[in-house]
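J.: Here's the letter readout for the chains.
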Amino acid sequence: MFRYLVRRLLWAGVLFIAVTFVTYVIFFLVPANPARLAAGQNATPEHIASVEEFLGLDRPFYVQYYRFLKRLVIEGSLGESFLNRRPVNEEIYNAAPVTASLVFGAMLLVLSVSIPIGILSALRPRSLLDRAAMVYVLVGISLPSFWIALVLSYFIGYRLGWTPIAGYCEVVSVPEASTCGGFVDWAYHMILPWLTLSIVVAGTYVRFIRAEVMETMTQDYVRTARAKGAPERRVMRAHILRNAMLPIVTIIGLDIGILLGGAIFIEQVFGLPGLGTTAINAIGQFDLPVLQGVVIFGAVAIIVFTLIVDLLYAWIDPRIRLT
Amino acid sequence: MATLLEVRDLRTQFTTDDGIVGAVDGVSFKVESGKVLGIVGESGSGKSVTCLTIMGLNDPRATTSTGEVLFRGEDLLKASPRRLREIRGNEIAMIFQDPMTSLNPVHKIGSQLEEALTLHQNVSAKQARARALEMLTAVGIPRPERRIDDYPHQFSGGMRQRVMIAMALINSPDLVIADEPTTALDVTTQAQILALLKRLQEDFGSAVIMITHDLGVVAETADDIVVMYGARIAEQGPVDAIFSQPRHPYTWGLMGSLPRLDVAVERLVQIPGQPPSLLRPPSGCRFHPRCSYAMAKCISDVPPLERLDYDPRHSQACHLDESTKAREAAALLTTFSAAAS
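So the protein lines, in turn, are chains Y and L.
For the first sequence, our numbering begins at 1 and goes up steadily by one.
For the second sequence, our numbering begins at 1 and goes up steadily by one.
Mixed in with the good hints, there may be bad ones.
Rough simulated footprint, nothing fancy, chain L against chain Y, three-plus residues with beta-carbon under 8 Å [what the hints assert, rightly or not]:
1. 210–221
2. 235–245
3. 309–320
In short, the hints are calculated from the structure, not lab data.
Just so we're clear, the structure is a prediction, and the values are computed from it rather than from any experiment.
From the three backbone atoms N, C-alpha and C, an ideal C-beta is built for every residue, glycine too.
Same shape as in the complex, but just chain Y (with noise of 0.2 Å):
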């Protein structure tokens, strides 16, 4: 167990290296030139060269990425942004929340929908609460995300008024000058972009467990189940759902990692100032240390999240050993 743990931490660090200096390369294969951005409209050709060089950028890409890897390693510093110089922790530190509250509280939407719709369709195959699923799984996995929170926000938000539009509110340290904090207004102003992003998500997650639960009811052991004379809803939770639900872990997982990255449409549409907005604004400006602050961020959740699949699996499915 511990040598797993330190092997798959070790992978993880490759993994890093990886990714960032992937971020690197492709940055400075863009023929843009951020200290010209940085140094605004009128700036003189010397003006430019020494922000370059104020910057950095008048060194290798391989020096420069070593200049980053190094503060990141000694000082745990992401660096400052080209544009505005404030440190990009910070900026991750608070858009990260945002994505979170997106992510997690439409997860939670997604699996208290599509466990129990899953579990009915596969009980009844064909049935019209079957054919209603799959047409709606169509339909949330074909309607492209930012148009689903569009006509959301349009009709729900601005027609019915029931939600607020677009913006965000802090649960906690809410800023002085701001208009509204605290968990109503903060869940009340989630509520459309969770709904969006639960459409989406959800879908999959429908077909899935319907594969899942029809495939583990013919296992002979659910019929040994029976032969003992276990009720059909003990036979579902305690020998069907168990095993089922294993594979549904990894994507879970998985998703949650991935999403954690930035839900970038999902944000823009609704005002969210999370991971997504921040990236796009940081490619927009060629701000090289927020974008790599992003991707890194997303990166380590994407390993976290794969780990605590691994060890979530090896604890519900006993012929599964971590060596």
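Got chain Y sorted already, so can you dock chain L onto it with the hints?
T.: Here is chain L on its own, set in the frame of chain Y:
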């Protein structure tokens, strides 16, 4: 001896995408308390479905069953799901073919055994565990107090089948249905499991229905034998009658294909062809396409299952006349004894 289970004219049909499959077609037999009935036949002869129907374990949406399954006089085909659950695992228990897949991989052996007990009896967790340990000891699991918290994947096939047997017997059922309990096991393990089943059957006094495709398995354990072919009964009777005076060409085929260590048969006789499709079964006698004695009548008329004049316990369904059958059966048995000497 009291009749424990009586199956009368049982018919089970499955609705499939290709049409209706008559998996069991007019099957009747009796099981006496404490006795062993062997049901023998090839894959797809309807033997397993017969037993799943008795247990009410077929998919209710795709299955229709008619006839009567009288367990101590109560018709199980008409019983409510709740009543069936009370009987299953308590009064009638089942041992399945493949022990590798029949135990739930995510639950401990002990808790799967205890579940079988606590579903039917109001016992404390401590009592349930003690009983599970007792059963593991009875089926010959070494050091059961250490193995009880293991998971199925930590057990070998033979050990898992012992666990399945322990699970089936934990409530001391009146009837145990064993569906090819040794088919998935090594030959050496097969003999051990059969001996164990025989011993426990005597200790617990349960009646047993032993389903098998191997006549050899039931030769020593069964009191009565039902030979099934193509969803129907070809021949049935007491074990000694079946082995000393087989009266159906299919039974002869099964006997001829038995490998025997004591007999130097030049080669095993095989029954040519494939078991019939139950979706579109052959006309008349279902065995006629594979039968070397087939006559015109066999293609047109279904042979009724009739009692033999000289032995009313023994029935067979074949159009051949009695003198031919007596001659052929005698010839078959002589081959064996001649080769043996």
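J.: If a hint holds in the structure, say so; if it does not, say that too.
T.: These are the hints, each one checked on the structure:
1. 210–221: holds (count 3)
2. 235–245: holds (count 4)
3. 309–320: holds (count 4)
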